[in-house]
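Let the hints inform the model, and build the full structure from the sequences given.
Quick note on numbering: the numbering used here labels position 46 of the sequence shown as 46, and the sequence is numbered without any gaps.
Be a bit skeptical, because a hint or two may be false.
Listed next, with one range per pair, are the computed distances between beta-carbon atoms [unchecked claim]:
#, residue 1, residue 2, range
1, Gly21, Arg44, 29 to 37 Å
2, Ala41, Arg5, 33 to 41 Å
3, Gly46, Asn19, 29 to 37 Å
4, Asn19, Cys48, 25 to 33 Å
5, Arg44, Ala9, 27 to 35 Å
6, Arg5, Ile43, 18 to 26 Å
7, Gly46, His24, 32 to 40 Å
8, Met1, Ala41, 17 to 25 Å
9, Arg5, Gln26, 13 to 21 Å
10, Gly21, Asp45, 29 to 37 Å
11, Gly46, Gly23, 35 to 43 Å
12, Gly46, Lys22, 32 to 40 Å
13, Ala41, Ala8, 18 to 26 Å
It should be emphasised that the hints constitute simulated quantities derived from the structure, not laboratory data. The beta-carbon is built from N, C-alpha and C at its ideal position, and this holds for glycine as well.
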Amino acid sequence: MASLRTCAASQTYYGRKRNEGKGHKQALLALARRRANVLWAMIRDGECYEVLPTVTTAT
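Here it is as structure tokens:
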């Protein structure tokens, strides 16, 4: 819940899941799983978290 309140990327991901038709609890669990996957990758690779800029396509 803390990342949902403070992190723009988490808010975007949560909003996308809600727009896909998922309920609050399902979207929140999807966000938690995404965070857990990031944490596991950080531990596995011995890396620190870095916020990368969003990549957009030119039209």
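These are the hints, each one checked on the structure:
no.: 1; hint: Gly21 / Arg44: 29 to 37 Å; in the structure: holds (32 Å)
no.: 2; hint: Ala41 / Arg5: 33 to 41 Å; in the structure: violated (23 Å)
no.: 3; hint: Gly46 / Asn19: 29 to 37 Å; in the structure: holds (35 Å)
no.: 4; hint: Asn19 / Cys48: 25 to 33 Å; in the structure: holds (31 Å)
no.: 5; hint: Arg44 / Ala9: 27 to 35 Å; in the structure: violated (21 Å)
no.: 6; hint: Arg5 / Ile43: 18 to 26 Å; in the structure: holds (25 Å)
no.: 7; hint: Gly46 / His24: 32 to 40 Å; in the structure: holds (35 Å)
no.: 8; hint: Met1 / Ala41: 17 to 25 Å; in the structure: holds (22 Å)
no.: 9; hint: Arg5 / Gln26: 13 to 21 Å; in the structure: holds (19 Å)
no.: 10; hint: Gly21 / Asp45: 29 to 37 Å; in the structure: holds (34 Å)
no.: 11; hint: Gly46 / Gly23: 35 to 43 Å; in the structure: holds (37 Å)
no.: 12; hint: Gly46 / Lys22: 32 to 40 Å; in the structure: holds (33 Å)
no.: 13; hint: Ala41 / Ala8: 18 to 26 Å; in the structure: holds (20 Å)
This entry does not satisfy hints 2, 5, going by the numbered hints stated previously.
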